[in-house]
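Asker: Those sequence lines, one after another, are chains A and B. Residue 395 in this note's numbering sits at position 395 of the first sequence, with consecutive numbering throughout. Residue 1261 in this note's numbering sits at position 261 of the second sequence, with consecutive numbering throughout.
Treat each hint with caution, since some may be false.
As the list claims (entries may be wrong) - Here are some chain B residues the structure puts well away from chain A; computed CB gaps all over 10 angstroms:
| no. | residue |
| --- | --- |
| 1 | Ile1067 |
| 2 | Asn1068 |
| 3 | Ile1113 |
| 4 | Ala1179 |
| 5 | Val1194 |
| 6 | Pro1195 |
As the list claims (entries may be wrong) - Label pairs and their in silico Cβ distance ranges:
| no. | chain 1 | residue 1 | chain 2 | residue 2 | range |
| --- | --- | --- | --- | --- | --- |
| 7 | B | Leu1009 | A | Arg292 | 48 to 58 angstroms |
| 8 | A | Asp380 | B | Ile1134 | 23 to 33 angstroms |
| 9 | A | Thr376 | B | Leu1098 | 55 to 65 angstroms |
| 10 | A | Gly248 | B | Ile1113 | 36 to 46 angstroms |
| 11 | B | Leu1186 | A | Gly248 | 56 to 66 angstroms |
| 12 | B | Ile1095 | A | Asp380 | 49 to 59 angstroms |
What the hints contain is simulated information worked out from the structure, not anything from laboratory work. These numbers come from a predicted model, not from an experiment. The beta-carbon is built from N, C-alpha and C at its ideal position, and this holds for glycine as well.
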Amino acid sequence: MTFMKKTLAASIAVAAASSLAVSTAQADMSDGEVRIGYLADMSGTYRDLAGPGGLTAMEMAVADFGGSVNGAPIVISSADDRNSADVGANTVRGWIDQDNVDMVGGLVASSVSIAVTKVLEENNGLGIVSGSAASSITNEHCTPNHIHWVYDTYPLANGTAKAVVEQGGDTWFMLTADYAFGHALEADVTKVVEESGGEIVGGVRHPFPTNDFSSYILQAQGSGAKIIGLANAGADTVNAITTASQFGLTQSGQQLAGLLIFLNDVHALGLEATQNLLLTTGWYWDMDEQSREWSQRYFDEVGRMPTMVQAGIYSSTMHYLKAVEAAGTDDPETVRAQMADMPIEDFFARNGRIREDGRMVHDMYLAQVKTPEESTGEWDLYEILSTIPAEEAYRPLSESQCKLVQN
Amino acid sequence: MTMIFGVPLAVFMGQLTLGLVNGAFYALLSLGLAVIFGLLKIVNFAHGAQYMLGAFAALLGFRYLGINYWLALFLVPLVVGAFGVLLERFLLRRIAHLDHLYGLLLTFGLALIFEGTLVNFFGVSGARYATPEILQGGLNLGFMFLPTYRAWVLVAALAMCLFTWFMIERTRLGAYLRAGTENSQLMQAFGVNVPLLITLTYGFGVALAAFAGVLAAPLYPVSPTMGSSLLIVVFAVVVIGGMGSILGAIITGLAMGIIEGLTKVYYPEASNTVIFFVMILVLMLRPVGLFGKEA
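Kindly generate the complete structure, drawing on both the sequences and the hints.
Answerer: This is the structure:
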């Protein structure tokens, strides 16, 4: 297990200064420190959407908060889960048992998040999931010990599919990754398309991961559907879009709908291949002045513009620290309740609040990828078309299967 | 409309063509592995990483030195091949007298180091490499739209395969090489510098991987992990063809591309595994592979 412990210089300074007189507030912090663990894929498929950049975002939040809460220094540990549920669960178990980690953040691959939140529930810890897609994390897999921050598959399907059908894209061909996440997304999309008056005319389930999509693109071309829905993620989506562009799919009148696509994917693909693609996002760096300002600071540190996940990690860490400060303790249960009591309104989240199922609902955005002519810079990639209000974007509590919700 | 097993003829022909293009890739990659294994008895697990290095060298060469595609197609195999020569001379040769397993472990470790280093600098999202202008657009074959670049890949890969086969099986140099691996002491007694031949052969196998990498650069996102997913399939192709058989690698590569392509139409869920089914079948019926010689 790679296991790196990092103390911020600022927190050392504050610790030294405050060691002379331990305040009463600090006495309520376990071990006199607020300990945060950052768990994410640091080297694999999902590295660029969270990874080391997410850790930087978390460190920025701690530094901006002043490096300590009520006199207790904030310490960050980080580890690479290598997208393995086992590695992730064992790391978190060690953090809680041996290091008394108070909060676990990052959490990208859905399988890892589900395993980790089980460990948190058994040990009464606290986790904030920022990178995962599966909406089941706050549905059948909900626990009182975690919060899901940035987005999930429900608004992805709801936002993109609905908008596409409304614009006349009423016949769909689904290109689905053949595993749990792909099936879930396909089911969500099918429901939305049919409810909006559209029709699924065909589809293919491709193995995960797939290197060459030419065969599937040819099948999609032959289907005659107006829209090719991509119910996959990461490298699969990137490969599918590249191949579609090589086969002249969009030039022949068909359109792609990317259901889970991140800023780093669009950046890697280039605008030539992705132009006019519709997508749903939880945040975009160029949304408004506040977002631009934070993103510029991030850019100066990392050299890339942040994804919605990286921005969400800053936002959630900041909210957590504010709650610890307000509650005067790092006890998970108290902090969790305090976080839910405070609305979230920052550069990342608008109209944000944490529901009883652990879902942080906030405004989502329907965006379109710019054409090369419209774009004015390397990272000028999206145009925000409309806002999906927080209360409409996510799965309504009335449909929830979460054990924490009284239905 | 004519149907073949419930699939329209046009679709069937289209998939056959795409299968052939992918097969040409498999052939080119497994050829490099077969050359290295057949003549040097090294199980080169770094082959996928060397293919990736080829694609990266093309990308970075274009970005920082302005080297165009055609020049890259010629230069990159030379540069990466030279790198392979250094690997053989300073690392692989030291363990040449040990069990094959050590070579496998060493090359696997090298592959991890190459990938990890590049991930550290470039991330995993990958970057695009533009298709050369003359090969943009597509050909209307009547039953399908075939991007010109893919047609070029088929031609270039097959030409390189034939060239390699000819060099090893039909020239004097190839004969020395084969003799040198059969009985190196006798060859050295005749005044042939066998260690040099071996070093150059490894370099050539690596150059083949790099050539495939340059060909792949405009097709797939250029990313540090692009080789590792392909490597296992290519190994399966080599096993089916018969470890070390040059012609076997070429024919099996093409055949597996077609089989995989057809699986993608009839039962796409199995398309990643069909090659391994064939491999198991071949191992059960003919353990030395389709074109392998009985020991």
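Asker: Grab the minimum beta-carbon distance between B/Ile1067 and chain A and tell me whether it stays above 10 angstroms.
Answerer: holds (20 angstroms)
Asker: Between the beta carbons of A/Asp380 and B/Ile1134, is the distance compatible with 23 to 33 angstroms?
Answerer: Between A/Asp380 and B/Ile1134, where Cβ atoms are some 30 angstroms apart, the hint holds.
Asker: Compute the least Cβ-Cβ separation between B/Ile1113 and chain A, then decide whether it is above 10 angstroms.
Answerer: Holds, because the least Cβ-Cβ distance between B/Ile1113 and chain A comes to about 13 angstroms, which exceeds 10 angstroms.
Asker: Are all beta-carbon distances from B/Asn1068 to chain A longer than 10 angstroms?
Answerer: Given a closest Cβ separation of 18 angstroms, the condition holds.
Asker: Between B/Leu1186 and A/Gly248, does the C-beta distance stay in 56 to 66 angstroms?
Answerer: holds (58 angstroms)
Asker: So is B/Val1194 really clear of chain A, every C-beta pair being over 10 angstroms apart?
Answerer: holds (38 angstroms)
Asker: Could you see if the CB distance from B/Ile1095 to A/Asp380 stays within 49 to 59 angstroms?
Answerer: holds (52 angstroms)
Asker: Determine whether the Cβ-Cβ distance between A/Gly248 and B/Ile1113 falls within the hinted range of 36 to 46 angstroms.
Answerer: Once the Cβ atoms are compared, 40 angstroms apart, the range 36 to 46 angstroms for B/Ile1113 and A/Gly248 holds.
Asker: Regarding B/Leu1009 and A/Arg292, is the given constraint of 48 to 58 angstroms on their beta-carbon distance met?
Answerer: holds (55 angstroms)
Asker: Far enough from chain A: is every CB of that chain over 10 angstroms from the CB of B/Ala1179?
Answerer: holds (38 angstroms)
Asker: B/Pro1195 clear of chain A by more than 10 angstroms, beta carbon to beta carbon?
Answerer: holds (37 angstroms)
Asker: Are A/Thr376 and B/Leu1098 spaced within 55 to 65 angstroms by their CB atoms?
Answerer: Cβ of A/Thr376 to Cβ of B/Leu1098: about 59 angstroms, so the range 55 to 65 angstroms holds.
The structure meets every hint from the earlier list without exception.
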